[in-house]
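Student: We have chain A; now place chain B onto it with these hints.
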Amino acid sequence: MQIIVLLYNDKVLENVISLYICGDPRSLSMKGMVGLTSEYEKLDAFIKNLPTKKGALIAVLHHAQDIFGYLPVEVQDFVAQKLEIPAAKVYGVVTFYSFFSQQKKGQFRINVCMGTACFVKGAEGILEEFNALLGTETSVVTDDGLFSVDALRCIGACGLAPVITVNGKYYGRIKKSDVKDIIAEYKGKI
Amino acid sequence: MHKIYIGMATCGIAAGAQAIHDVLVAANMQNTQIIPTGCIGMCYAEPLIEIKKQGEGSVFVSGLDAKEAKKSITDYIENGNKDKNILPNKGYGKQVRIALRNCGIINPEKIEDYIAEGGYEALRKALNTLGREGVIEEIKASNLRGRGGAGFPTGLKWEFGYKSNEHKKYIICNADEGDPGAFMDRSILEGDPHSVLEAMAIAGFAVGADEGIFYIRAEYPLAVERLYTAISQAEKLGNLGEGIMGTDFNFKISINLGAGAFVCGEETALLNSLEGKRGEPRLRPPFPAQKGLWDKPTVNNNVETYANIPAIITRGAEWFRSIGIEKSPGTKVFALAGKINNVGLVEVPMGTTLREIVYEPELGGGLPDDKAFKAIQTGGPSGGCIPAVHIDMGVDYESLASIGSMMGSGGMIVMDEDDCMVNIAKFYLDFTMEESCGKCTPCRIGNTRLHEILSKITTGKGSHDDISELKSLARVIKDTSLCGLGMSAPNPVLSTLNFFGDEYNAHVNDKKCPSLTCKDLITFKITDKCIGCGICSKVCPVNAITGEPKKIHTIEHGKCIKCGECLPKCPEKVRAIIKE
Numbered sequence: 001m002q003i004i005v006l007l008y009n010d011k012v013l014e015n016v017i018s019l020y021i022c023g024d025p026r027s028l029s030m031k032g033m034v035g036l037t038s039e040y041e042k043l044d045a046f047i048k049n050l051p052t053k054k055g056a057l058i059a060v061l062h063h064a065q066d067i068f069g070y071l072p073v074e075v076q077d078f079v080a081q082k083l084e085i086p087a088a089k090v091y092g093v094v095t096f097y098s099f100f101s102q103q104k105k106g107q108f109r110i111n112v113c114m115g116t117a118c119f120v121k122g123a124e125g126i127l128e129e130f131n132a133l134l135g136t137e138t139s140v141v142t143d144d145g146l147f148s149v150d151a152l153r154c155i156g157a158c159g160l161a162p163v164i165t166v167n168g169k170y171y172g173r174i175k176k177s178d179v180k181d182i183i184a185e186y187k188g189k190i
Numbered sequence: 001m002h003k004i005y006i007g008m009a010t011c012g013i014a015a016g017a018q019a020i021h022d023v024l025v026a027a028n029m030q031n032t033q034i035i036p037t038g039c040i041g042m043c044y045a046e047p048l049i050e051i052k053k054q055g056e057g058s059v060f061v062s063g064l065d066a067k068e069a070k071k072s073i074t075d076y077i078e079n080g081n082k083d084k085n086i087l088p089n090k091g092y093g094k095q096v097r098i099a100l101r102n103c104g105i106i107n108p109e110k111i112e113d114y115i116a117e118g119g120y121e122a123l124r125k126a127l128n129t130l131g132r133e134g135v136i137e138e139i140k141a142s143n144l145r146g147r148g149g150a151g152f153p154t155g156l157k158w159e160f161g162y163k164s165n166e167h168k169k170y171i172i173c174n175a176d177e178g179d180p181g182a183f184m185d186r187s188i189l190e191g192d193p194h195s196v197l198e199a200m201a202i203a204g205f206a207v208g209a210d211e212g213i214f215y216i217r218a219e220y221p222l223a224v225e226r227l228y229t230a231i232s233q234a235e236k237l238g239n240l241g242e243g244i245m246g247t248d249f250n251f252k253i254s255i256n257l258g259a260g261a262f263v264c265g266e267e268t269a270l271l272n273s274l275e276g277k278r279g280e281p282r283l284r285p286p287f288p289a290q291k292g293l294w295d296k297p298t299v300n301n302n303v304e305t306y307a308n309i310p311a312i313i314t315r316g317a318e319w320f321r322s323i324g325i326e327k328s329p330g331t332k333v334f335a336l337a338g339k340i341n342n343v344g345l346v347e348v349p350m351g352t353t354l355r356e357i358v359y360e361p362e363l364g365g366g367l368p369d370d371k372a373f374k375a376i377q378t379g380g381p382s383g384g385c386i387p388a389v390h391i392d393m394g395v396d397y398e399s400l401a402s403i404g405s406m407m408g409s410g411g412m413i414v415m416d417e418d419d420c421m422v423n424i425a426k427f428y429l430d431f432t433m434e435e436s437c438g439k440c441t442p443c444r445i446g447n448t449r450l451h452e453i454l455s456k457i458t459t460g461k462g463s464h465d466d467i468s469e470l471k472s473l474a475r476v477i478k479d480t481s482l483c484g485l486g487m488s489a490p491n492p493v494l495s496t497l498n499f500f501g502d503e504y505n506a507h508v509n510d511k512k513c514p515s516l517t518c519k520d521l522i523t524f525k526i527t528d529k530c531i532g533c534g535i536c537s538k539v540c541p542v543n544a545i546t547g548e549p550k551k552i553h554t555i556e557h558g559k560c561i562k563c564g565e566c567l568p569k570c571p572e573k574v575r576a577i578i579k580e
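Here the protein sequences come in this chain order: A and B.
With the first letter of the first sequence counted as 1, position 35 gets the number 35 in the working numbering; the numbers rise by one all the way through.
With the first letter of the second sequence counted as 1, position 309 gets the number 309 in the working numbering; the numbers rise by one all the way through.
Don't take each hint at face value.
Cut-off 30 angstroms, straight-line C-alpha distance, at most; resulting in silico cross-link-like pairs (DSBU-like, lysine-lysine) [stated by the list, open to error]: (1) B:Lys525 to A:Lys169; (2) A:Lys175 to B:Lys439; (3) A:Lys180 to B:Lys579; (4) B:Lys573 to A:Lys175; (5) A:Lys180 to B:Lys519; (6) B:Lys456 to A:Lys176; (7) B:Lys168 to A:Lys48; (8) B:Lys525 to A:Lys176; (9) B:Lys110 to A:Lys48; (10) A:Lys180 to B:Lys538; (11) B:Lys168 to A:Lys175; (12) B:Lys559 to A:Lys176; (13) A:Lys53 to B:Lys371; (14) B:Lys296 to A:Lys48; (15) B:Lys277 to A:Lys48; (16) A:Lys82 to B:Lys439; (17) A:Lys53 to A:Lys105; (18) A:Lys176 to B:Lys168; (19) B:Lys573 to A:Lys189; (20) B:Lys71 to A:Lys169; (21) A:Lys169 to B:Lys67; (22) B:Lys569 to A:Lys175; (23) B:Lys519 to A:Lys176; (24) B:Lys525 to A:Lys180; (25) B:Lys70 to B:Lys125; (26) A:Lys82 to B:Lys71; (27) B:Lys439 to A:Lys104; (28) A:Lys175 to B:Lys512; (29) A:Lys89 to B:Lys277; (30) A:Lys105 to B:Lys277; (31) B:Lys296 to A:Lys54; (32) B:Lys512 to A:Lys176.
Hint data in this document are derived by calculation from the structure and do not stem from the laboratory.
This structure is a prediction, so every number in the text was calculated from the model and none was measured.
Only chain A is shown next, with the shape it has when bound in the complex (with noise of 0.2 angstroms):
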């Protein structure tokens, strides 16, 4: 097999060659990397822009999943190894907090809003007819990779519900009936 190894630094380069001849699984996600090296370069640009490290973990991890779309194991480790702090806490804190996720999302990212206000106005039934439609489940991403349908805390937006966003634009008063008109909405779109 070939690999490519363009635009890496000698650390990263020498940890992705050495793993790979130990034909251990991981270097072929950190092949992945190859292609993703600007990337990387971002967010560590913005690791050596903070003023202080102290407490900025959950900043970072902000920042890389704007970058990367969800926080994998390769970009916990890459952000442990920045801030100096064990990969552990980092893992700790990704998975403590929902806005964070270890999961691959979407093209198109749909969250259905859970509040109680969206709840007694059949926010559930909107949920189910999402999964439905795509035949997926809550979190998973379809296997076309365009859609990924989430449950969201809620977003405040109270008077309109139920609501939903997708990739952060929001559709308020929705019914069932309009759940399909969304999807191809943004089929429409590829």
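Tutor: Using the frame of chain A, we list chain B on its own:
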């Protein structure tokens, strides 16, 4: 000059206010100023535009798309024609707006607008006239209590911070508004961010802190953006930063994003989160006012509490105490949602009755479709459900606690005859179980067990023993949990058991859900009124409905998934499908 205010908080933008703003600007009306503003409070009417035509009273345009809105508004402004879309402004009725005083009136992205309404005068008065002790005396005299829910006197909190001899101290604004159904803090930050910044600076001056920190939910991107704008404007004008208003007082404010953990609204968990750790609560004492962030004295207040401060400093404690009731002066903002006509924010004096809040036309406006009021849920997952018999109770911290609920941050969810109270209790337990940080056992395991029992009951597998088990377990969790989350998590269960015991009994004894909500306890049937039109069988997603045309159809119960799709499809004159 005519003025057009467009409500452009999250709800307004979600309902299409941006498009309306853009077409109105493009319409280029003469002698007209278009002002994007924050939440006007009437979320049910979004997108909402208030028009103040020169020399005339204020009117509203509500719920229109950009094209219709432009037509009605330009016709009114330019030709004076009031078409059917131009609605009179009935005013705020019994509302008294202190925390929301500028929301819907100023452009939140312009510090000049805030200053024009008397903004930053309170900070000037604190710095130049009152002095540190004077500020604390004024806040203590006002008897302002924490609006985050617990109701601790704000002045005392500040005094503890002031008395500490440490050199470094912190001021924190808790904007981790996690209660589902509460959105007043978001509205204040989106509609009037400077009032909170000003209050934090006043707190910093009084306590002796030079650093303020926002802890705000990541779910509120617009509020975060407007805060960043407001901070940089205030710094430019010298209202924040070094040597504020020509004095030697320095105060800077930074923003930290939360990451989706309800428990971080608890102040010690919030401190851990600010330090980049898991948001688990700390043991108290030491209290944050002694040892808080990075072990330094820390004063932490909620957004709405801060929003009251500039008004109190400017107008005095005596004025503030003249509003509300003696033990809890001032106002409270409530977020009305659920089965209520006027979903939105209302700010009323403490002691206003639930009946007024729900039924007054300028407040809640009653329930839709004239359904019967069943209960009102206050205090979010930490609160309880209040039944109709208590609807004439005045609302304040003590009265709510006396009937097993709590003020919480001020969310009020109205429920009608269609809501099953056991299911509502289960919904809240679902939430607290998910949000329990896991540090202490009663909360981590106890709430999971409560949820399991409730699931048993709502699926018709419950027994009488389960009800007594619920009661005793709930008491243990309340008595032994480490922080406020665990101590209050059983409240929804206890209050529904107390006030709606009949419903629990019906689920357990008769295996029936009286409000026909719990799927496992209801069946759909077609009566002999059926005319055999076949519409229902077409919408059934699992083909459970069969029958010859023009003959009575039947539902195969083994197949039926109780989705309820068929029910509204049965023609109104026929109404052959019933749920029981």
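Student: Look at each hint and say if it fits the structure.
Tutor: Here is what the structure says about each hint:
| no. | hint | verdict |
| --- | --- | --- |
| 1 | B:Lys525 to A:Lys169 | violated, 40 angstroms |
| 2 | A:Lys175 to B:Lys439 | violated, 39 angstroms |
| 3 | A:Lys180 to B:Lys579 | holds, 26 angstroms |
| 4 | B:Lys573 to A:Lys175 | holds, 24 angstroms |
| 5 | A:Lys180 to B:Lys519 | holds, 24 angstroms |
| 6 | B:Lys456 to A:Lys176 | holds, 27 angstroms |
| 7 | B:Lys168 to A:Lys48 | holds, 26 angstroms |
| 8 | B:Lys525 to A:Lys176 | holds, 22 angstroms |
| 9 | B:Lys110 to A:Lys48 | violated, 33 angstroms |
| 10 | A:Lys180 to B:Lys538 | holds, 17 angstroms |
| 11 | B:Lys168 to A:Lys175 | violated, 53 angstroms |
| 12 | B:Lys559 to A:Lys176 | holds, 21 angstroms |
| 13 | A:Lys53 to B:Lys371 | violated, 56 angstroms |
| 14 | B:Lys296 to A:Lys48 | holds, 27 angstroms |
| 15 | B:Lys277 to A:Lys48 | holds, 20 angstroms |
| 16 | A:Lys82 to B:Lys439 | holds, 28 angstroms |
| 17 | A:Lys53 to A:Lys105 | holds, 28 angstroms |
| 18 | A:Lys176 to B:Lys168 | violated, 54 angstroms |
| 19 | B:Lys573 to A:Lys189 | violated, 42 angstroms |
| 20 | B:Lys71 to A:Lys169 | holds, 26 angstroms |
| 21 | A:Lys169 to B:Lys67 | holds, 21 angstroms |
| 22 | B:Lys569 to A:Lys175 | holds, 15 angstroms |
| 23 | B:Lys519 to A:Lys176 | holds, 17 angstroms |
| 24 | B:Lys525 to A:Lys180 | holds, 28 angstroms |
| 25 | B:Lys70 to B:Lys125 | violated, 44 angstroms |
| 26 | A:Lys82 to B:Lys71 | violated, 57 angstroms |
| 27 | B:Lys439 to A:Lys104 | holds, 28 angstroms |
| 28 | A:Lys175 to B:Lys512 | holds, 27 angstroms |
| 29 | A:Lys89 to B:Lys277 | holds, 8 angstroms |
| 30 | A:Lys105 to B:Lys277 | holds, 25 angstroms |
| 31 | B:Lys296 to A:Lys54 | holds, 15 angstroms |
| 32 | B:Lys512 to A:Lys176 | holds, 26 angstroms |
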